[in-house]
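These are the residues of each chain, in order.
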Amino acid sequence: MKKCLVVDDSSVVRKIARRILEEMDFEIIEAENGAQALEACKVAMPDAVLLDWNMPVMDGYEFLGHLRLLPGGETPRVVFCTTENGMDHISRALYAGANEYIMKPFDKDIVSAKFQEVGLVALSEQIPI
Amino acid sequence: MTPPDYEYLRKLLKDHSGLDLSADKQYLIESRLLPLSRKCGVPGIGDLVQKMKNGSSTIIAQVVEAMTTNETFFFRDKIPFEHFRDSIIPELLKARTARKSIRIWCAAGSTGQEPYSLAMSLKEMGAALAGWRVEIIATDLSQEVLEKSKSGIYSQFEVQRGLPIQLLVKYFKQNGELWQISPDIRAMVQHRQLNLLHDFSQLGVFDVVFCRNVLIYFDQETKINIFGRLAKVMEGDGFLVLGAAETVVGLTDVFKPFPDKRGLYRPSGARAANPQSATAMPRIAALAGR
Numbered sequence: 001m002k003k004c005l006v007v008d009d010s011s012v013v014r015k016i017a018r019r020i021l022e023e024m025d026f027e028i029i030e031a032e033n034g035a036q037a038l039e040a041c042k043v044a045m046p047d048a049v050l051l052d053w054n055m056p057v058m059d060g061y062e063f064l065g066h067l068r069l070l071p072g073g074e075t076p077r078v079v080f081c082t083t084e085n086g087m088d089h090i091s092r093a094l095y096a097g098a099n100e101y102i103m104k105p106f107d108k109d110i111v112s113a114k115f116q117e118v119g120l121v122a123l124s125e126q127i128p129i
Numbered sequence: 001m002t003p004p005d006y007e008y009l010r011k012l013l014k015d016h017s018g019l020d021l022s023a024d025k026q027y028l029i030e031s032r033l034l035p036l037s038r039k040c041g042v043p044g045i046g047d048l049v050q051k052m053k054n055g056s057s058t059i060i061a062q063v064v065e066a067m068t069t070n071e072t073f074f075f076r077d078k079i080p081f082e083h084f085r086d087s088i089i090p091e092l093l094k095a096r097t098a099r100k101s102i103r104i105w106c107a108a109g110s111t112g113q114e115p116y117s118l119a120m121s122l123k124e125m126g127a128a129l130a131g132w133r134v135e136i137i138a139t140d141l142s143q144e145v146l147e148k149s150k151s152g153i154y155s156q157f158e159v160q161r162g163l164p165i166q167l168l169v170k171y172f173k174q175n176g177e178l179w180q181i182s183p184d185i186r187a188m189v190q191h192r193q194l195n196l197l198h199d200f201s202q203l204g205v206f207d208v209v210f211c212r213n214v215l216i217y218f219d220q221e222t223k224i225n226i227f228g229r230l231a232k233v234m235e236g237d238g239f240l241v242l243g244a245a246e247t248v249v250g251l252t253d254v255f256k257p258f259p260d261k262r263g264l265y266r267p268s269g270a271r272a273a274n275p276q277s278a279t280a281m282p283r284i285a286a287l288a289g290r
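As you go down the protein sequences, you meet chains A and B in turn.
Mapping of the first sequence onto my numbering: residues 1 to 129, in sequence order.
Mapping of the second sequence onto my numbering: residues 1 to 290, in sequence order.
So that you can see chain A by itself, here it is in the shape it has in the complex (with noise of 0.2 Å):
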């Protein structure tokens, strides 16, 4: 089962995102800032890391500079979810090494179409009415 650490210092969001990923088939881990996001990845590299961006203690873009400079870091999918939408973050976040960029809100569609984008999901076709 694919692995999918999601780092989100909103309680809330981190339940909807798990609910959704699990659906998905994907084991998940939680943390609330980088700093822990970075920990869990020590111990276990994650496929997938649907990212927060603004967060205490260590947020998205420091954890992602870090990741991707652990052995193994380049590996997984990272996947930014944040309310930060303007184009000078996404393509900071993509300089950075994201692989995707999701805008808040976010719904299922949304998540699915960007994990099948980065290849953690099949593709799945939609069927009309």
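Take these hints with a grain of salt, some might be off.
Computed spacing ranges between beta-carbons, pair by pair [said to hold, decoys possible]:
1) A/Pro105 with B/Asn175: 12 to 20 Å
2) A/Pro105 with B/Ala95: 42 to 50 Å
3) B/Asn175 with A/Tyr95: 16 to 24 Å
Keep in mind the hints are simulated off the structure, nothing from the lab.
Just so you know, even glycine gets a beta-carbon here, dropped at the ideal spot from N, CA and C.
Add chain B to chain A, keeping to what the hints say.
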């Protein structure tokens, strides 16, 4: 909505747009027409129907429009766009070297995500298309969706489904909470209002036709009629792309499928079984001798 109201709407939609709703699609009518009732200032669908019976042509037009719009998103289903990039365009680059032009028709262009996805794919192919003229014609029954498509303006939700973030950054400009696709990309798509039930031969001949998730709404006769007329506006070595749940198999042999490429078809060169006229819907004829 009473059963007589539902029947009235079914018949009206069939007559006006070929849309063929089966018996159990009340939920679809409700989800599309309740908001319209509110917009028209009437309490419910029954009242909307009453206005239509009294001859309000504006309400009739709005009802047809509300029922025939279909949800779409960028790079929907992915695979057709992979076929476009990996098979269709490379083959046409070889087959059209004399002409150096490619004509593409999105026959249910809707709010533009499909034609603009093709335009972005073409831009991504870069130098391979240098010196080539590629036309993308996007048509739709609904003037409202065509206007939205022309504007190229999308919501934060719409640009997050199906669109890789790198393409968002490359081809869109942010405008508050909205995102607008670049003028370059917009310039690659021409928009025309068109009802597929009517004659479309004036659009010319195409190398590629995307006709995805629109024929599903039509009955068998109408589908066969449209397939026949589509084959006539396509080059013999052209490509037809249908939606994930669609097929020509069992309906007509004017197109033949690519066995290893789901959703992709090519004109077979076979003649249509019945005379193909746009305005007269063919009666169900006994296919003697087949």
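Of the hints given before, which are not true for this structure?
Violated hints: none at all, because every hint is consistent with the structure.
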